[in-house]
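Visitor: Here is what each chain is made of, one letter per residue.
Protein chains: 2
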Amino acid sequence: MHQNYQEFTKLNLKLDMSRGKPSPEQLDLSLSLLNESGISDQVKSSGVDCRNYGVQLGLPEVREFFAPLLEVPTNQVVVEGNSSLALMHDAIVFALLYGTPGNSPWLSDKPITFLCPVPGYDRHFSILEAFGINMINVPLLEDGPDMDIVEDLVSKDASIKGMWCVPKYSNPTGTVYSSEVINRLASMSTAASDFRLFWDDAYRFHHLTEQRISIANVIDLCEAFGNPDRAIVFASTSKMTFAGSGLAILASSLSNINWWQKCVSVRTIGPDKINQLRHLNFFQGSEGIENLMDQHRFILKPKFDIVNAIFEEYLGDLENVSWSKPLGGYFVDLITPPGLAKRTIELAKNAGIILTPAGATFPYGKDPDDKHIRIAPSFPSLDEIKLAAEGVSLSLLQAIAEQKNRA
Amino acid sequence: MHQNYQEFTKLNLKLDMSRGKPSPEQLDLSLSLLNESGISDQVKSSGVDCRNYGVQLGLPEVREFFAPLLEVPTNQVVVEGNSSLALMHDAIVFALLYGTPGNSPWLSDKPITFLCPVPGYDRHFSILEAFGINMINVPLLEDGPDMDIVEDLVSKDASIKGMWCVPKYSNPTGTVYSSEVINRLASMSTAASDFRLFWDDAYRFHHLTEQRISIANVIDLCEAFGNPDRAIVFASTSKMTFAGSGLAILASSLSNINWWQKCVSVRTIGPDKINQLRHLNFFQGSEGIENLMDQHRFILKPKFDIVNAIFEEYLGDLENVSWSKPLGGYFVDLITPPGLAKRTIELAKNAGIILTPAGATFPYGKDPDDKHIRIAPSFPSLDEIKLAAEGVSLSLLQAIAEQKNRA
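Chains as they are written, first to last, in the numbering used here: chain V, 2 to 408; chain L, 2 to 408.
It cannot be assumed that every hint is accurate.
One copy or two, it doesn't matter: identical chains are merged, so the pair holds either way.
[Stated by the list, open to error] No farther apart than 27 Å at their CA atoms in a straight line, the calculated lysine-lysine pairs in the DSSO-like style are these:
{"no.": "1", "residue 1": "K405", "residue 2": "K302"}
{"no.": "2", "residue 1": "K367", "residue 2": "K350"}
{"no.": "3", "residue 1": "K111", "residue 2": "K263"}
{"no.": "4", "residue 1": "K15", "residue 2": "K45"}
{"no.": "5", "residue 1": "K367", "residue 2": "K263"}
Calculated directly from the structure, the hints in this document are not laboratory data.
Could you build all of it, start to finish, from the sequences and the hints given here?
Guide: Here it is, written out as structure tokens:
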């Protein structure tokens with residue numbers, strides 16, 4: 002155990018725990034994606050020449066593959082390029098400029114507001130901020146967003162057109178939405194008739210324990226409660242195969258899929274279908290995905306365990322300090338005493354450890370209590386993670402000591 | 002030589018000449034793109050792990066490769082996903098919502114107008130129509146758009162924010178812009194200070210003769226005339242390698258590139274860099290591109306030749322009938338006597354030949370003289386092209402006969 006922060010800085014570390022990037026070992030799991038023996042016969046095999054233009058919504062056999070995994074019919078799944086963030090961005094752009102099916106463009110109904118469970122994913126908030134969409138923080142409780150607050154807001158305020166949800170192993174808290182929460186989200190009355198749940202199912206298959214948690218099917222529930230077009234579900238293989246060269250997936254009601262097709266066909270003549278074929282070959286059925294995700298887990302779990310163990314060792318007895326112990330996903334949310342997150346991150350930086358900027362997990366980069374630190378243990382090696390967790394712990398201890406000295 | 006349309010329809014053809022799709026033989030030229038032996042070492046070789054997130058503007062070595070080909074410095078080239086149409090669409094979306102560098106969003110300056118040289122590319126017009134941007138037809142002359150008209154319009158009307166240009170082997174006429182035209186486009190005074198040339202250099206390398214025509218460098222000229230941010234150049238490898246799985250390229254001033262980076266980084270964490278690496282390996286230098294494009298030419302040229310020969314044979318003596326004889330690109334523009342394009346296309350359809358819908362090469366799908374038919378000879382086989390050209394010729398002859406009977 003390192004005794005103090007000052008000694009620790011002499012290690013001259015250079016570690017980056019700021020983003021949820023897969024490690025090289027995880028990327029190696031999918032190296033055989035690059036083995037294309039036989040693929041040149043297949044590119045023409047399915048009645049469509051995968052090399053040519055077209056097939057707007059993705060290869061039929063690839064949509065068929067993902068449909069049961071997302072628990073929707075094949076015609077309600079779209080498989081596109083390499084970035085689900087791009088699909089979310091574009092869905093918002095299309096809603097702003099065209100409006101959702103049967104509704105006027107969001108831009109003609111300004112102001113526009115989104116509910117943002119916090120802490121959440123900085124890139125979600127960046128899209129809204131870029132487009133001048135107002136954001137309202139909603140506390141994320143143990144089982145999902147605070148639904149009393151959500152129901153109250155959406156029922157009164159017609160400017161609330163949407164809400165971000167990361168329903169499973171939420172970034173950065175690891176929160177899993179309960180069935181009750183999902184039921185309430187699907188059934189609640191909204192003042193805006195074109196209200197949408199932007200359902201970022203980013204970590205659907207990204208378990209950290211043997212328990213493969215599954216959550217309620219939001220598309221089915223929205224349909225059952227008479228709000229069939231409410232949920233747009235996003236997923237991707239970015240953290241299954243290659244982070245920069247995976248497949249992005251959108252699932253929703255047929256009406257939303259038709260809308261998506263209409264909007265997206267103005268933008269492009271079709272996605273990269275060869276990469277879709279490549280993935281289909283690589284996964285070898287849904288069991289292949291489970292095996293692959295087990296291998297990811299074997300790499301990731303020790304990293305999360307060491308973070309937890311180090312935090313326990315250094316910070317376990319401290320008042321007002323806690324951290325999430327996620328069952329899946331990519332992040333740990335370290336909660337400091339109020340007012341110390343920013344300083345802790347600064348101290349860690351001085352010790353050579355890059356963390357996600359303070360406040361990043363809140364709209365406008367503003368954590369009102371300055372207490373959340375997002376830890377991304379996936380990329381560095383296990384040894385590095387251990388050092389980094391020690392460094393973060395010592396930085397926090399130092400920040401606490403500084404605060405006491407000031408008092 | 003077939004004697005009449007009625008007999009011809011008995012052949013029960015099923016040919017599609019509606020879109021400029023590469024043929025299977027052309028796609029086969031790039032089959033070794035799918036041979037990835039050795040690539041698994043390379044994905045980590047350049048200091049960046051190509052498999053992971055990031056590198057917003059494309060792999061440095063790939064930008065470096067395309068820079069001299071587009072005659073711009075490396076930091077003024079961006080290499081992205083599989084669709085240059087998507088880059089054009091997004092550039093317009095970003096201008097609408099954010100404005101171009103230092104300017105207010107186009108949406109706050111409504112109405113917005115674009116100049117559209119006609120006939121032109123239907124997908125360009127579809128983007129504008131979808132976003133409610135007004136389109137003004139500008140005649141395309143032998144050496145490019147009618148610059149007297151263009152200069153007059155842009156100097157007076159501040160709502161004119163942009164203009165589509167396909168400067169080389171233009172779709173569908175094969176027009177090559179002269180240096181004088183490009184000079185005038187780069188230097189002209191525009192009432193809108195944020196006027197942009199959307200320069201779709203789609204056929205830069207797509208020669209149909211041994212003469213590799215090159216045109217003036219629009220980015221340099223805009224810079225030289227004090228309008229450095231005026232031109233945004235788009236290109237792609239879609240019609241070099243695989244139409245659905247190529248690379249899209251954007252080149253412009255550094256200020257526009259920085260703007261692009263800022264906008265696009267809200268949308269995605271980066272393009273598919275492995276596909277970029279794949280292309281770099283495949284091209285093997287700029288000579289590789291020239292060789293590849295020669296092979297494309299060997300496949301395409303006979304198709305264009307047979308179209309020309311059949312049109313000559315059937316239509317050569319007719320008044321008011323002509324067609325383009327392009328030196329590059331993907332299309333032939335068949336000009337019928339006024340009022341007969343739509344009927345000819347209908348008759349061809351009844352004979353089993355699908356052509357681009359009448360009017361498609363004009364904004365709003367309206368060819369005011371109903372006389373342009375876009376012929377796309379690339380996809381069908383040579384035998385099929387011959388039959389199709391005969392069918393189109395007979396359909397036009399039939400339409401002319403019908404018109405005479407009505408008179």
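Visitor: For every hint, state whether the structure bears it out.
Guide: Right, here's what the structure says about each hint:
| no. | hint | verdict |
| --- | --- | --- |
| 1 | K405 x K302 | neither (35 Å within a copy, 81 Å between copies) |
| 2 | K367 x K350 | within (19 Å within a copy, 61 Å between copies) |
| 3 | K111 x K263 | both (24 Å within a copy, 24 Å between copies) |
| 4 | K15 x K45 | between (48 Å within a copy, 20 Å between copies) |
| 5 | K367 x K263 | between (37 Å within a copy, 21 Å between copies) |
Hint compliance for this structure: hint 1 alone is broken.
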